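Participant: If you want the building blocks of each chain, they are given just below.
2 protein chains.
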Amino acid sequence: MERPKFPDETIRRLPLYLRCLNRLIILGKDTLTSKELSEFLGVKPTKIRKDFSYFGDFGTRGVGYNLHELVSEIRNILQLDEEWKIAVAGISNIGCTILDHLEFNQPGFQITHAFDQSPELIGETVRGVTVRDVEEIESELEGKNVKVALLAVPAIDAKSVANSLVSAGIEGIINLAPIFINLPEEVEVVQMDLSSELGRLVYHLTNR
Amino acid sequence: MERPKFPDETIRRLPLYLRCLNRLIILGKDTLTSKELSEFLGVKPTKIRKDFSYFGDFGTRGVGYNLHELVSEIRNILQLDEEWKIAVAGISNIGCTILDHLEFNQPGFQITHAFDQSPELIGETVRGVTVRDVEEIESELEGKNVKVALLAVPAIDAKSVANSLVSAGIEGIINLAPIFINLPEEVEVVQMDLSSELGRLVYHLTNR
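So the protein lines, in turn, are chains R and U. Take the first sequence: its letter number 186 is residue 186 in my numbering, and every next letter is one higher. Take the second sequence: its letter number 109 is residue 109 in my numbering, and every next letter is one higher.
Everything labelled a hint here was simulated from the structure, so no lab data went into it. Treat the hints loosely; a few may be bogus.
27 Å max Cα-Cα, derived DSS-like pairs, lysine-lysine [claimed, not checked]:
no., chain 1, residue 1, chain 2, residue 2
1, R, 5, R, 50
2, R, 147, U, 144
3, U, 159, R, 29
4, U, 159, R, 50
5, R, 144, R, 159
6, R, 147, R, 85
7, U, 5, R, 159
8, U, 159, U, 147
9, U, 85, U, 44
10, U, 47, R, 159
11, U, 5, R, 47
12, R, 147, R, 5
13, R, 144, R, 85
14, U, 147, R, 159
15, U, 159, R, 44
16, U, 144, R, 159
17, U, 159, R, 47
18, R, 159, U, 159
19, U, 147, R, 44
20, U, 144, U, 85
21, U, 50, U, 5
22, R, 5, U, 47
23, U, 159, R, 35
Just so it is clear, the structure is predicted and the values come from calculations on it, not from any experiment.
Please take these sequences and the hints and turn them into a complete structure.
Facilitator: Structural data, given as structure tokens:
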């Protein structure tokens, strides 16, 4: 069966739904109505029903949603049953914080490679991964089936490191450097930058 | 003159344009065509022209865009001529990294308050700001005209700390905790979460 295309906003919410649903199952819950889920998830019932309606017909009227089915469905949509290998480029500051954050929050992803350009960091082991020189990105990643990278190097180095990542077969990049990078069309880039989000927040506060 | 509403994607790009344009001015540039700007900004000329077209008529055919006028206009749109005070709640890990990041990258914003719940951190000075107990959010922020907060506490505490921030008069929150928070309609919340962006990236990689 062809699955419908999910809106970006729904997709963004799924990982956080998943995290919360897993906790609820550990706490012994099996079935919850959208109203109950709303309390736990911090999202309005109408929005939950709308998001879940893309999955097909799940909820049972008067009984609610089966949490196990929801978890299995979300894992399936996000393709988390295969483990995604991740390369991190730039681990000195925000990159390292993100390694921590990811480790505790994200099933389905495993950081397998780390790169930096600082001589003090190269050769060190950070959360079980040996840090390699950014110069070795292509040779290290060759044939390793790593498709996703976090780019957390300083803005001035972002372009050249991103190009190495793409040459090494990376197909998707989360760019934490505060600069845009023009990459081939077929590479997916997600920009994640605090100044952008602050700018947007302030714009909405002053234009409402 | 009534200004048009800018699309979210354009607004998100403006802070990064601003950062790059300021650097170009320091390097002695005054006027650049959209093609030249494209090289520096890492954004396609068509997208730049579209983004800048919302400002009104700026570029001069055959000459290009006046960088000083662009900077002044972007600062004006993002309301950066007034300085925005920011409160950070949760400074132990990702919050602290973000303090650093912000300090170096973001004119127009100043971190004036920091809160945490860890006894080891309360009373310490982090980047010139004394860390206060999250219990004191309301009393500390009262009458201080702080409208924006970064929420970087652990997920389990996010709801109660967010409620304190809203009671203290905060109107916009960047939520770095990996959990949704249901707040009154009039509070703007921007969710900034790595697992959400990773989920979205992987979804697009597998559904194209």
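Participant: Against each hint, give a clear statement of whether it holds in the structure.
Facilitator: Cross-check of the supplied hints:
For the hint linking residue 5(R) to residue 50(R), the alpha-carbon distance of about 14 Å falls within 27 Å, and the restraint holds. Annotation: proposed proximity of residue 147(R) to residue 144(U) is violated, straight-line Cα distance about 47 Å (limit 27 Å). Note on residue 159(U) and residue 29(R): the hinted pairing holds, with a Cα-Cα distance of about 21 Å set against a maximum of 27 Å. With a CA separation close to 23 Å, the supplied pair residue 159(U) and residue 50(R) stays within the 27 Å bound.
Taken as a hint, the residue 144(R) and residue 159(R) pair is honoured in the structure, with Cα atoms around 23 Å apart against an allowance of 27 Å. Of the pairs offered as hints, the one joining residue 147(R) and residue 85(R) holds, with about 7 Å between alpha carbons and a cut-off of 27 Å not exceeded. With a CA separation close to 31 Å, the supplied pair residue 5(U) and residue 159(R) exceeds the 27 Å bound. Restraint check for residue 159(U) and residue 147(U): the C-alpha separation of about 18 Å stays at or below 27 Å, so the hint holds.
Between residue 85(U) and residue 44(U), the direct Cα distance comes to roughly 33 Å. Violation of the 27 Å bound is thereby established for this hinted pair. For the hint linking residue 47(U) to residue 159(R), the alpha-carbon distance of about 19 Å falls within 27 Å, and the restraint holds. Under the criterion of a C-alpha separation no larger than 27 Å, the hint pairing residue 5(U) with residue 47(R) is consistent with the structure, at around 25 Å. The suggested pairing of residue 147(R) with residue 5(R) holds, with an alpha-carbon distance near 22 Å, which does not exceed 27 Å.
The hinted pair formed by residue 144(R) and residue 85(R) meets the criterion: a straight-line CA distance of about 9 Å does not exceed 27 Å. Distance restraint check for residue 147(U) and residue 159(R): the Cα-Cα separation of roughly 35 Å exceeds the 27 Å cut-off, and the hinted pair is therefore not satisfied. Distance restraint check for residue 159(U) and residue 44(R): the Cα-Cα separation of roughly 15 Å lies within the 27 Å cut-off, and the hinted pair is therefore satisfied. With a C-alpha separation of about 41 Å, the suggested pair residue 144(U) and residue 159(R) falls outside the 27 Å cut-off, and the hint is violated.
Straight-line distance between C-alpha atoms of residue 159(U) and residue 47(R) comes to about 19 Å, which keeps the hinted pair within the 27 Å bound. Using a Cα cut-off of 27 Å, the hinted pair residue 159(R) and residue 159(U) is violated, with the two alpha carbons roughly 38 Å apart. The suggested pairing of residue 147(U) with residue 44(R) holds, with an alpha-carbon distance near 24 Å, which does not exceed 27 Å. Distance hint between residue 144(U) and residue 85(U) is fulfilled; the C-alpha atoms sit about 9 Å from each other, no more than 27 Å.
Taking the CA atoms of residue 50(U) and residue 5(U), the gap is near 14 Å; set against the 27 Å cutoff, the hint holds. Using a Cα cut-off of 27 Å, the hinted pair residue 5(R) and residue 47(U) holds, with the two alpha carbons roughly 25 Å apart. Taking the CA atoms of residue 159(U) and residue 35(R), the gap is about 18 Å. The hint holds against a cut of 27 Å.
The structure fails to meet hints 2, 7, 9, 14, 16 and 18 from the earlier list, while all remaining hints are met.
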